[in-house]
Amino acid sequence: MKRFLSLAGIALALVLTGCDEPIPPGRGVYMLMDTSGTYTGELKQAQRIINAILARLDPGDSFAVARIDTGSFSEKDIVAKITFDDRPSMANQQKRKFRQLVDDFVRKVKPAAFTDVTGGVLQAIEYLNEKNPGRKTILIFSDLKEELKKGYKRKNIPLQVDRFSVVALNVTKLRSDNIDPREYMDRLEYWQTRIEEGGGRWRVINDMDRLERVLGD
Amino acid sequence: MQLADAFSLNSPASWVLWFVVLTLAMYFARIPAHRVILTLTRAIYRALRMSSRSVLRAAEKLVQRNSEVLLAAGREAAERIVEREFERVDAGVRRDLSECPTLNRRLSEQVTKMEEDHDQSKVVPPTPPGWVNAVKAVADIDSKGDPMVAKILESIQTSLVKAQEQARNDYRTATESRHQHLKNMIPAWRKAIQLLGQVDGKVTSLLQRTQIIDRHMDEYENIIKKSDRAERMLSSSSLVQFFISLFVLAIAVGGALINFNLIARPMAEMVGGGNYIGGFKVADIAALVIILVELSMGLFLMESLRITRLFPVIGAMSDKMRIRMIWITLTILTSLACVEAGLAYMREILLQDELATSALLRGGDGTSYQVQFQWITTAAQMGMGFVLPFALTFVAIPLETFIHSLRTVLGIATVGSLRGLAVLLRTVGDGFRYVGKALVDIYDVVIFLPLWLESQVKSHSGGVRKPARGQS
Chain A
0 MKRFLSLAGI ALALVLTGCD EPIPPGRGVY MLMDTSGTYT GELKQAQRII NAILARLDPG
60 DSFAVARIDT GSFSEKDIVA KITFDDRPSM ANQQKRKFRQ LVDDFVRKVK PAAFTDVTGG
120 VLQAIEYLNE KNPGRKTILI FSDLKEELKK GYKRKNIPLQ VDRFSVVALN VTKLRSDNID
180 PREYMDRLEY WQTRIEEGGG RWRVINDMDR LERVLGD
Chain B
0 MQLADAFSLN SPASWVLWFV VLTLAMYFAR IPAHRVILTL TRAIYRALRM SSRSVLRAAE
60 KLVQRNSEVL LAAGREAAER IVEREFERVD AGVRRDLSEC PTLNRRLSEQ VTKMEEDHDQ
120 SKVVPPTPPG WVNAVKAVAD IDSKGDPMVA KILESIQTSL VKAQEQARND YRTATESRHQ
180 HLKNMIPAWR KAIQLLGQVD GKVTSLLQRT QIIDRHMDEY ENIIKKSDRA ERMLSSSSLV
240 QFFISLFVLA IAVGGALINF NLIARPMAEM VGGGNYIGGF KVADIAALVI ILVELSMGLF
300 LMESLRITRL FPVIGAMSDK MRIRMIWITL TILTSLACVE AGLAYMREIL LQDELATSAL
360 LRGGDGTSYQ VQFQWITTAA QMGMGFVLPF ALTFVAIPLE TFIHSLRTVL GIATVGSLRG
420 LAVLLRTVGD GFRYVGKALV DIYDVVIFLP LWLESQVKSH SGGVRKPARG QS
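For the record, the sequence lines run as chains A and B. Per numbering that gives the first Met the number 0, residue 0 is the first one in the first sequence, and the count goes up by one each step. Per numbering that gives the first Met the number 0, residue 0 is the first one in the second sequence, and the count goes up by one each step.
No lab work stands behind these hints: they were computed from the structure. Computed from a prediction, not measured in an experiment: that's the story for all the values here. Even for Gly, the Cβ is constructed at its ideal location relative to N, Cα and C.
Output of the computed footprint for chain B on chain A, the stretches with three or more beta carbons under 8 Å from beta carbons of chain B:
no.: 1; region: 45 to 53
no.: 2; region: 56 to 62
no.: 3; region: 80 to 93
Build the full structure now, drawing on both the sequences and the hints.
Written out as structure tokens, the structure reads:
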């Protein structure tokens, strides 16, 4: 009823005022999956999250899933990416294929030696800026512990995440975090600072029951 | 310096000093102060009174205008009703008059048949032969024991008896035939009564129709005379019509809402689900536009059928053009209804596909999500998709009533508001008047001491002071 009345109102308003400046439609979601070391054991959880996100996305939205490995700033690390067709029937077929791709990846994935989270985020920013959706969301499914291979330079690279929403999912606590919880808190604070300095919005969701809020907000 | 300290409000003595100074100042400025207070409050009072009168005059003009509009609308409605009744009478008379020659012929046939039967029933029964009396006279002669004569007489008697029996039988036969003719007249009479009953029914129907016309004509005359009764009736009727049409329109909005939900989702298959205009999906806007086009076509159809009179241009069209327009709007409506039925079917398919995809993403087998008796919901949706556009066509009737009665309701509401405003302005004006008087009294209360002293002095010197209010 509300939508119907709103549409009736907007139809009248459009007739009276003409079309306003267009708002970029749709959503763009880029999910980074940590495949380093022991975190590969959490990938089943990542699969559930991806399926939930697929169910929530609409025709015209963009979605990409990429792995975080030794060097993540690369298109080769994108496991699957798609911009859903405008037609709902086609979009449903694309969702099924996407799910199949992710399933295949999770089945065959091998643990990475290092964790280049920054590179992954930079790749996500590049992808989403290219797609330019109305809402940009980067999901980082990782413990956020960055371990770079010697020679890889990632420090002091500013993250241009203006009007991005960056959500850290399932940030597990490491053994060392249990010994000194400040490490865990420092890690979260470090990423929060980087994202917020870049103009983005930072959130952490460890309770997967709140997953519906990832795209809802 | 000491004088400044005395007025610095730092000590009770300075407060007393200030009080005395102000009291004296107020005492000396008493008359002009009273005049200022009363003049100001009276000015406000008069301005508000004048505004109140202006508002009341505006309300009266609006009442007059409302009355004119109401009576004009009532006159038009009464003319339409009377015109329609005359059309019915005309149609009835034409129909009945066209049957009159047939009825007349059938009645004439019946009457002719009855006359023939009646004439035949009047045939005189056969008289006994003329020689019977002569023979009877001979037969009555006494035989006086002559066997010959007796035999002759016996023979004559026998012949006579036979002749009588023959005559009686002939008479009975003739009478029976006459009765038969009379009997034959009964169905003819019945038919004639039936035909006359038909004529009576038609005449009675015409008479009833004329009584209805008389009643409407009385109402029409009352409206023409601009009687209060007519105005009250029209006003009351408008209010009732307003609320009824509002209720029906609310139901229609519900129907449109269901219609919208039926076609909004599958519309994405046609115009795309990811396109937006002004933050709204193009699919939703397209669905809304389809419903609005259907409503427009419904309005035009009703207008072309002369059921409603919202567009004078359509009403003024020639009959040929109007009939063309009826067919065109009906064709467009039927096409849109078919499109909606197709979209409703598509909606069901999409829904099943989405359910299957969701089941797959939740970890199910991903095979098609089938529900038993699913065809019932599919058929129901298609039926609704086809029927709702035609049902929405009839929205034109309550819409016309709503628009017409809205003028009256708004007029009544505005008059009420204006009268309320007039009362408010008058009340506030009166309030200012009494506030002025109260302020004058409060002023005198503040300077009661010098006033008391003044009255004491004047009473000792024999002078009489006029009341302060009288001075102003």
